[in-house]
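Enquirer: So the chains spell out like this:
Protein chains: 2
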Amino acid sequence: MSNAPFTPGQTITMAHGSGGKAMHQLIESLFVATFDDPQLSQLEDQARFYFAEMTGAGDRLAFTTDSYVVDPLFFPGGDIGQLAVTGTVNDLAVGGARPLYLSCGMIIEEGLPIETLQAVAQSMKRSAETAGVSIVTGDTKVVPRGACDKLFINTAGVGVIPAGIQIEAGGAKPGDAILINGYLGDHGAAIVDARGELAMESQIETDCQPLNHLIADMLAVCPDIRCLRDATRGGLATVLNEFAAAGNCCMQIEEQALPIRTEVRGICEILGLDPLYLANEGKLVAVVPAQAVDALLDLMRAHPAGAHSAAIGCVAGAPAGRVLIKTAFGSQRIVDTLIGEQLPRIC
Amino acid sequence: MSNAPFTPGQTITMAHGSGGKAMHQLIESLFVATFDDPQLSQLEDQARFYFAEMTGAGDRLAFTTDSYVVDPLFFPGGDIGQLAVTGTVNDLAVGGARPLYLSCGMIIEEGLPIETLQAVAQSMKRSAETAGVSIVTGDTKVVPRGACDKLFINTAGVGVIPAGIQIEAGGAKPGDAILINGYLGDHGAAIVDARGELAMESQIETDCQPLNHLIADMLAVCPDIRCLRDATRGGLATVLNEFAAAGNCCMQIEEQALPIRTEVRGICEILGLDPLYLANEGKLVAVVPAQAVDALLDLMRAHPAGAHSAAIGCVAGAPAGRVLIKTAFGSQRIVDTLIGEQLPRIC
Numbered sequence: 029m030s031n032a033p034f035t036p037g038q039t040i041t042m043a044h045g046s047g048g049k050a051m052h053q054l055i056e057s058l059f060v061a062t063f064d065d066p067q068l069s070q071l072e073d074q075a076r077f078y079f080a081e082m083t084g085a086g087d088r089l090a091f092t093t094d095s096y097v098v099d100p101l102f103f104p105g106g107d108i109g110q111l112a113v114t115g116t117v118n119d120l121a122v123g124g125a126r127p128l129y130l131s132c133g134m135i136i137e138e139g140l141p142i143e144t145l146q147a148v149a150q151s152m153k154r155s156a157e158t159a160g161v162s163i164v165t166g167d168t169k170v171v172p173r174g175a176c177d178k179l180f181i182n183t184a185g186v187g188v189i190p191a192g193i194q195i196e197a198g199g200a201k202p203g204d205a206i207l208i209n210g211y212l213g214d215h216g217a218a219i220v221d222a223r224g225e226l227a228m229e230s231q232i233e234t235d236c237q238p239l240n241h242l243i244a245d246m247l248a249v250c251p252d253i254r255c256l257r258d259a260t261r262g263g264l265a266t267v268l269n270e271f272a273a274a275g276n277c278c279m280q281i282e283e284q285a286l287p288i289r290t291e292v293r294g295i296c297e298i299l300g301l302d303p304l305y306l307a308n309e310g311k312l313v314a315v316v317p318a319q320a321v322d323a324l325l326d327l328m329r330a331h332p333a334g335a336h337s338a339a340i341g342c343v344a345g346a347p348a349g350r351v352l353i354k355t356a357f358g359s360q361r362i363v364d365t366l367i368g369e370q371l372p373r374i375c
Numbered sequence: 029m030s031n032a033p034f035t036p037g038q039t040i041t042m043a044h045g046s047g048g049k050a051m052h053q054l055i056e057s058l059f060v061a062t063f064d065d066p067q068l069s070q071l072e073d074q075a076r077f078y079f080a081e082m083t084g085a086g087d088r089l090a091f092t093t094d095s096y097v098v099d100p101l102f103f104p105g106g107d108i109g110q111l112a113v114t115g116t117v118n119d120l121a122v123g124g125a126r127p128l129y130l131s132c133g134m135i136i137e138e139g140l141p142i143e144t145l146q147a148v149a150q151s152m153k154r155s156a157e158t159a160g161v162s163i164v165t166g167d168t169k170v171v172p173r174g175a176c177d178k179l180f181i182n183t184a185g186v187g188v189i190p191a192g193i194q195i196e197a198g199g200a201k202p203g204d205a206i207l208i209n210g211y212l213g214d215h216g217a218a219i220v221d222a223r224g225e226l227a228m229e230s231q232i233e234t235d236c237q238p239l240n241h242l243i244a245d246m247l248a249v250c251p252d253i254r255c256l257r258d259a260t261r262g263g264l265a266t267v268l269n270e271f272a273a274a275g276n277c278c279m280q281i282e283e284q285a286l287p288i289r290t291e292v293r294g295i296c297e298i299l300g301l302d303p304l305y306l307a308n309e310g311k312l313v314a315v316v317p318a319q320a321v322d323a324l325l326d327l328m329r330a331h332p333a334g335a336h337s338a339a340i341g342c343v344a345g346a347p348a349g350r351v352l353i354k355t356a357f358g359s360q361r362i363v364d365t366l367i368g369e370q371l372p373r374i375c
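Top to bottom, those sequences are chains W and L. Oh and the first sequence: position 178 is 206 in our numbering, straight run, nothing missing. Oh and the second sequence: position 116 is 144 in our numbering, straight run, nothing missing.
No lab work stands behind these hints, which were simulated from the structure alone. Careful: at least some of the hints might be erroneous.
What the hints assert, rightly or not - To spell it out: a stretch of chain W is covered by chain L in this simulated footprint if at least three of its residues, at any positions, have a beta carbon under 8 Å from a beta carbon of chain L; those stretches are: (1) 36-49; (2) 117-131; (3) 166-176.
Claimed, not checked - Using 25 Å as the maximum straight-line C-alpha spacing, the simulated PhoX-like pairs for lysine-lysine come out as follows: (4) Lys-178/W with Lys-178/L; (5) Lys-49/L with Lys-201/L; (6) Lys-201/W with Lys-49/W; (7) Lys-354/L with Lys-354/W; (8) Lys-49/L with Lys-178/L; (9) Lys-178/W with Lys-354/W; (10) Lys-354/L with Lys-49/W.
Unchecked claim - Partial pick of chain L residues on the chain W-facing surface, computed with a CB cut under 7 Å: (11) Thr-35; (12) Gly-48; (13) Ile-193; (14) Glu-369.
Glycine included, every Cβ here is placed at the ideal spot set by N, Cα and C.
Bound conformation, chain W alone (with noise of 0.2 Å):
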């Protein structure tokens, strides 16, 4: 892409936002140029795909969206505009669905630097491209100084779910296994680093990754996964309490099981936050059929994914609605949803 319509150091004004050339010219020069495609680069209103090219790939649409306003823009390892791509399509992936399509409306703030605005377009277009997905329609808002900070980002996310695959929240049975793909609170951690809360020098980076592939080769090993979602603001805990609420069971996690770098242990010690409940961005919670436990670990392990993979706890049928864990002392405690906020503008 040329950098040719803009100057250095060149920022964002109103008229940008307006309707007219300077947006037009923001759209095309930036946008379309970046994202790179054809239904985009049309221009119309909206983008068009004919159902013959879909229903190949299975019987149902799924939709989703997200609007991302993370603090700050740029972060240890990631983006607002990787976030914004990838959290988009791991919401489309945890319902079972290939994800083909994203939308992308931007409400950029006057004076944001326009090489900000082409750094995060940039980095969408390479998640797009790691997901396998294409950014087809969009929409462009600027509002005047103060009346955003900086860069909000909506992703609305289309995919295509396989014929048979069924999961949903409340499809957990007693006896199933709890499987995750990995190191938990990464995310969380990194934003908190990267906002200078730590006294200390972390090497923690966000696991935002797409986890669209590595679910495909699960469901193609084990296409009954009962519950299927992404562990991001709340945490594993939130993810485990939808899972016992919605299927009227009980999530018993093994705190020994879990896996928790060191160092974010040692961040959630300082600053006296549970890592049960740190946000993920590319982290996955599965409940599965006991007797797939070790085909789904030895494939997940293998997936670039899913290095760290772990099976974390079972289901049971009583106390229902509840999730509990057994402490390393072997003590049991309920990890109730969050009633109050743990880290605002963390996604």
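Based on these hints, arrange chain L on the given structure of chain W.
Expert: For chain L alone, coordinates are given in the frame of chain W:
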């Protein structure tokens, strides 16, 4: 919907965006209860639809998005919720699509009164019912006081385009006629009025209305409509310039044929605005074969969304890429795309 979960005067706190109990309560008691859709109430990360239920309506999927940052949130005749549903419905409809499903991504400023959010959600529900669409998936983010101005809403939309419909910005041919479905500039004037920028009392209300029913009727009479867009940001002038550029032809309009309310003309004169560039939220610009004009105008004028429809000009071959207006005095001038900013946060 019961208001019981909230107390009078209650405001949004950071906990409402945390992923925990407060967020779940907000989503269930406010959004899910108000939008009242079976997909949404399942609280899955994605909505799911069988292709078999969609392909009967057409052969293509349409997908679009828009963010809404209008200031103020409530204005004469409408509000941000109505705009967020109607604007995205219209972006699908001008592609010839039957709009079906919307997503809703809310970015809420800490401190926003719950009652404001309830009023906006109820307006979204009413607008969705009027347009015949469902809000099926959503996301809620809360940012600290000062990080956004009250409330931004993103909606993405999915629809189905009937087989044989091929509407494109570049579809105009010399000899075609240009139609609009009523008064220009009402939305822009209503926003100006709501901001108190007028020294006079105005009765102007937004023209915000869904266009999908009108467009479906127009396509039934004239399946070969060439170009169709809603004249939002940038107004009629911007849409015509897009058609002229994409079709490499000349759009010629007659000033005397343009339906503009006396009051809107007055507001424009006072504030130095041009009604050709004022935003509309319920106005379509259609390029149609000349022989279809009479039948289309009869139909449009009989429709509640088109009572003041008019033929406003025609398509010529040259000067290619230009929009020309013949003034009331018989002279002709070029109508260019706006370079700067006319009105910020109009939608």
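Enquirer: If you test the structure against every hint from before, which numbers come out violated?
Expert: The structure conflicts with hints 5, 6, 7, 9, 11, 13, although it agrees with all the remaining ones.
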